[in-house]
Amino acid sequence: MNLFEAVLTRRSIRAFRDITPEKTLIDDIIDASRWTPSWGNTQPWNVTVVRGEKLNRFKKESVRLAMSGAPAEPDVPMPEKWPSRYLERYRDVGRRTLSSLSIARDDRKERDAFYLRMTELFGAPVLVVLSIEKELSLEYAMLDAGAFIQTLCLLAHEKGVGSCIMAAAVRYPGLMRELFSIPQNERIVAGVALGYSDGENPVNTFERVRVENEEIVRWVDDDSDGP
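Position one of the sequence shown corresponds to residue 2 (my numbering), numbered consecutively onward.
What the hints contain is simulated information worked out from the structure, not anything from laboratory work. Any given hint could be a false lead.
To be verified - Simulated crosslink set (DSS-like; lysine-lysine; CA at most 27 Å straight-line): (1) Lys60 - Lys24; (2) Lys82 - Lys160; (3) Lys160 - Lys110.
To be verified - So the derived label-pair ranges between C-beta atoms look like this: (4) Trp220 - Ser85: 37 to 47 Å; (5) Glu111 - Ser138: 36 to 46 Å; (6) Thr10 - Asn186: 34 to 44 Å.
Model, not experiment: these values are computed from the prediction. Idealized CB from N, CA, C, for every residue including glycine.
Between the sequences and the hints, there should be enough to build the whole structure, so can you do that?
Here it is, written out as structure tokens:
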């Protein structure tokens, strides 16, 4: 698999097989991810890898908190509102995801069950948590952390390991600090679920969409129209 193929075929996995990737494989993926570029080579990311009983306990406690109505308190808040074009893209992937599982929009029971599976990381056997020190500039460090996550996901895909970048994984940072010994001076920014994809589950095979170049690319050169 070359890099173009990895970028074009990697997708978010929302159903994992009950097989845990070898520790050496995850180590190799993270070791290569260290070479992600960062602003001024600051390499601001801290990486916590969780699996086994600690991860199972985290999933159970997360479900308990969600079912009790405990408010999410992520270190990096979710956006409260979106410009309309981004909101529509966000809603579209939600519709496609639920539709692939034949979950009707008005089927509250099945929708809630799906969201609980999300809280359980869709059954992923490995969770990678990215954190950055609080004294760092959030904007620059988040850009670098995002680049690290992209590298991680593409390398994992090349090795046959599926991934899902999840805000839902970091809704309860207090629980994560308690279970995973993440220091108080680090801001938990994202979680990446890792594992082998359940290729027979339709949630992993529905058609994905992206906007066309014309919507996002602005060329400025001698061939461009302009004043």
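Quick rundown of the hints versus the structure:
no.: 1; hint: Lys60 - Lys24; verdict: holds, 20 Å
no.: 2; hint: Lys82 - Lys160; verdict: violated, 37 Å
no.: 3; hint: Lys160 - Lys110; verdict: violated, 36 Å
no.: 4; hint: Trp220 - Ser85: 37 to 47 Å; verdict: violated, 25 Å
no.: 5; hint: Glu111 - Ser138: 36 to 46 Å; verdict: holds, 42 Å
no.: 6; hint: Thr10 - Asn186: 34 to 44 Å; verdict: holds, 38 Å
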